[in-house]
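The listed protein sequences derive, respectively, from chains R and A. Numbering-wise (numbering that gives the first Met the number 0), the first sequence opens with residue 0 and increments by one. Numbering-wise (numbering that gives the first Met the number 0), the second sequence opens with residue 0 and increments by one.
Everything labelled a hint here was simulated from the structure, so no lab data went into it. Please note that a few of the clues may not be correct.
Stated by the list, open to error - Stretches of chain R that chain A covers, calculated by requiring three or more beta carbons in the stretch to come under 8 Å of a beta carbon on chain A:
#1 32-39
#2 47-54
#3 127-137
#4 181-187
As the list claims (entries may be wrong) - Here are the in silico distance ranges between beta carbons for each label pair:
#5 I63(R) to S30(A): 57 to 65 Å
#6 R7(A) to A171(R): 22 to 30 Å
#7 M41(A) to I63(R): 17 to 25 Å
Owing to the predicted nature of the structure, the values given are computational and were not obtained by experimental measurement. All C-beta atoms, glycine included, are put in the ideal place defined by N, C-alpha and C.
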Amino acid sequence: MFDNRPDEALVSIARSGDEGAFEELFNRYKKPIINFIYRMIGNKETAEEVAVEVFMKAYNNLHIFDPNKRFNTWLFTIAKNLSKNAMRDRKYFRNVSLDQDIQLESGPVSLRDVIADPGSAPDDAIRTKELEREAQAILDSMPVKYREVVVLCSIQGMTYKEAAEVIGCSVASISTRMTEAKALFMKKIGLDDVESKTSEGL
Amino acid sequence: MKQELSARFDYIMANLRQAEPSPSFEHNFASRFSEAVARRQMEPLPARVFGKIDHFIRDLGMILSYRRRMLARVTASFLITVSAGAYIYSSQPSCPYLMSKSGDIRIIGGNGSIYGKGAYPDKLIVGDVIYVDPSGQLDLGIPDRYIIRMKGASKLRVASLTPRIGKGMAEFELIEGNVLVNVEDGFKGSRFTINTDSATATALGTKFSVDARSKGKALTGIRVLEGKVVVKSRHHPRGMALARQVVTVDAGQKTEVVPDGIPSSPQRMMEDEWDELDELYGLGKKPHVMLLIKNTPGRAKELLGPCPIIISDERPRQIPRKVDRAMLRIGQAVQDNDRSKHLESIRMLESIVKEEPNPKYNVQFLLYIGSYYEYLSLHEEAIKVFEGVVKDYPDSPLASIGACAIGIIYDEKLGDRDRAEKAYRAILSRYPNSLEAIWAEERLGIKKESN
Numbered sequence: 000m001f002d003n004r005p006d007e008a009l010v011s012i013a014r015s016g017d018e019g020a021f022e023e024l025f026n027r028y029k030k031p032i033i034n035f036i037y038r039m040i041g042n043k044e045t046a047e048e049v050a051v052e053v054f055m056k057a058y059n060n061l062h063i064f065d066p067n068k069r070f071n072t073w074l075f076t077i078a079k080n081l082s083k084n085a086m087r088d089r090k091y092f093r094n095v096s097l098d099q100d101i102q103l104e105s106g107p108v109s110l111r112d113v114i115a116d117p118g119s120a121p122d123d124a125i126r127t128k129e130l131e132r133e134a135q136a137i138l139d140s141m142p143v144k145y146r147e148v149v150v151l152c153s154i155q156g157m158t159y160k161e162a163a164e165v166i167g168c169s170v171a172s173i174s175t176r177m178t179e180a181k182a183l184f185m186k187k188i189g190l191d192d193v194e195s196k197t198s199e200g201l
Numbered sequence: 000m001k002q003e004l005s006a007r008f009d010y011i012m013a014n015l016r017q018a019e020p021s022p023s024f025e026h027n028f029a030s031r032f033s034e035a036v037a038r039r040q041m042e043p044l045p046a047r048v049f050g051k052i053d054h055f056i057r058d059l060g061m062i063l064s065y066r067r068r069m070l071a072r073v074t075a076s077f078l079i080t081v082s083a084g085a086y087i088y089s090s091q092p093s094c095p096y097l098m099s100k101s102g103d104i105r106i107i108g109g110n111g112s113i114y115g116k117g118a119y120p121d122k123l124i125v126g127d128v129i130y131v132d133p134s135g136q137l138d139l140g141i142p143d144r145y146i147i148r149m150k151g152a153s154k155l156r157v158a159s160l161t162p163r164i165g166k167g168m169a170e171f172e173l174i175e176g177n178v179l180v181n182v183e184d185g186f187k188g189s190r191f192t193i194n195t196d197s198a199t200a201t202a203l204g205t206k207f208s209v210d211a212r213s214k215g216k217a218l219t220g221i222r223v224l225e226g227k228v229v230v231k232s233r234h235h236p237r238g239m240a241l242a243r244q245v246v247t248v249d250a251g252q253k254t255e256v257v258p259d260g261i262p263s264s265p266q267r268m269m270e271d272e273w274d275e276l277d278e279l280y281g282l283g284k285k286p287h288v289m290l291l292i293k294n295t296p297g298r299a300k301e302l303l304g305p306c307p308i309i310i311s312d313e314r315p316r317q318i319p320r321k322v323d324r325a326m327l328r329i330g331q332a333v334q335d336n337d338r339s340k341h342l343e344s345i346r347m348l349e350s351i352v353k354e355e356p357n358p359k360y361n362v363q364f365l366l367y368i369g370s371y372y373e374y375l376s377l378h379e380e381a382i383k384v385f386e387g388v389v390k391d392y393p394d395s396p397l398a399s400i401g402a403c404a405i406g407i408i409y410d411e412k413l414g415d416r417d418r419a420e421k422a423y424r425a426i427l428s429r430y431p432n433s434l435e436a437i438w439a440e441e442r443l444g445i446k447k448e449s450n
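Extracted from the complex, chain R is given alone in its bound form:
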């Protein structure tokens, strides 16, 4: 019924009292929002709880949504804020210190291998539980300002402009943070020496 309608039209319908329109929005964004929160706070159960809060907050505040803005950036902004609240409250926070060295699990394929050597693993091997855990562990260890950029741009596939809207900073800041985040990530998986060696070789 609402399949082809843009998000903003659905918001307008939902505001007039049609719950079906909001359910459609929920179905469209439930996975991206859960994944975003999950990558931000590193706990799936907690991510689902926060995601429910995100959708309820969105539903209760539909009347203040600016129809001239994009719904997805608005929803991700709510998700980002609630994720940060959750992390700040330490209510759901995991026992991983930001300063603590990461103890990487040694699975059949490591993140270092799949990033440094594209031929080391087929595409299917990337979607393994081990790699996902390893990536998440590294994300958890990164400062929030880098984590949110990586999650929004690299994992959720947002453009820098959209990410800038969600985070509330300039596109240039996103670009800078992204570069720094990648450098930090590489360092954490032990690829910084490869980089430097490669640079020297060049």
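Here the structure of chain R is known, so what remains is to put chain A in place on it, guided by the hints.
This is chain A only, laid out in the frame that chain R set:
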């Protein structure tokens, strides 16, 4: 390599396992959502209505604020564009150009270029020096603003030109020779100045001549034909601290300034000086359009003859070129004795008055058109035209001719004595001092009482 790693990083991150929502998530949301919906529906009706009104106002506010922002942006862009255009346009000086010329003209450009022998610049710029051969004549200027007629053996330099909008200024330096200046209505409020070695003449909306003699005595003579001119010594006279350096010269007056001297008191021009100017500048060609009729009480009758019309070929030409074509057509119509060509000629004349009206020739053309209709025995049409003259140009010195022509047509062509009398009486009441009043009195049988 760094870029490859970066791209590989993005690829790996984008393809990480996605967390699938658990059934409990769906269940939690469904229960929370139904609670929220129920809460909303449980709201009392007034609260819901006010809520909807509130939402509507918020939406409207957002839309309006968006529109206001858009409007502000569009308005700002428009204003910036217009201002920039106006600034660029107004910062361009109003450059005069050559209008008509005869004889040998040479121009040494302010940028060092030399023009002559048929190759001239489109416009004159500051610094250009224009030489007119002793046998030549040149008109330069900007139509509707000012025209300078340079006579033979004159040398003029463009000293300063200011922007097009606002209080403009045009300043020329007459190095030698004679110029006649006609500052027109389009330059009102702006400053027009001619400098010579000894004097500065500033026009106050006027027509004047400046004569800077280079041979013999270096003396500047200024003669004013219309309006006023302020004349000032170019240099402060020595030993004459209290001398009056500035004089205002009215129409029909003249003044002279010697180098390092003060302007002489304005004096009335003698008849021979008018004649001299007349001859020098061809002023006798006015008016531009003239009906060739004698100045007698019977001039309206003469008009219906029909009378010939004379159109001045004075330069710069202010009569539309269409007139030439109309006159040519009239000549052909007379030659062929072709009524349709006559009517076509009339239409051409009427279109000139309608499309390019000018108080200098409107009445003359209309009277001529009226007489032309009468020539073709189109009496009603002729009367209509003459009535139009009386109605639209009641203060013209030629309006009484039109009024009288109406009476004559009723009297002599249509045999309508009553209307003729009415027309004649109208002349006596509206134009009692006109020549036509004498004609009307005669026709009405009124004897003027002698004093």
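Okay, the hints, checked on the actual structure:
1. As drawn, the stretch 32-39 of chain R meets chain A at 3 residues by the rule of a beta-carbon pair under 8 Å; at three or more, the given contact holds.
2. Only when three residues or more bring their CB closer than 8 Å to a CB of chain A does the claim for the stretch 47-54 of chain R stand; here the count is 5, and the claim holds.
3. Counting residues of the stretch 127-137 of chain R whose CB lies closer than 8 Å to any CB of chain A gives 5, which reaches the minimum of 3, so the coverage claim holds.
4. Counting residues of the stretch 181-187 of chain R whose CB lies closer than 8 Å to any CB of chain A gives 3, which reaches the minimum of 3, so the coverage claim holds.
5. Distance hint check: the CB atoms of I63(R) and S30(A) are about 25 Å apart, inconsistent with the given range 57 to 65 Å.
6. A hinted range of 22 to 30 Å for the beta carbons of R7(A) and A171(R) is consistent with their spacing of about 24 Å.
7. Taking 17 to 25 Å as the suggested C-beta distance range, the pair M41(A) and I63(R) conforms, at roughly 21 Å.
Hint compliance for this structure: hint 5 is the single one not met.
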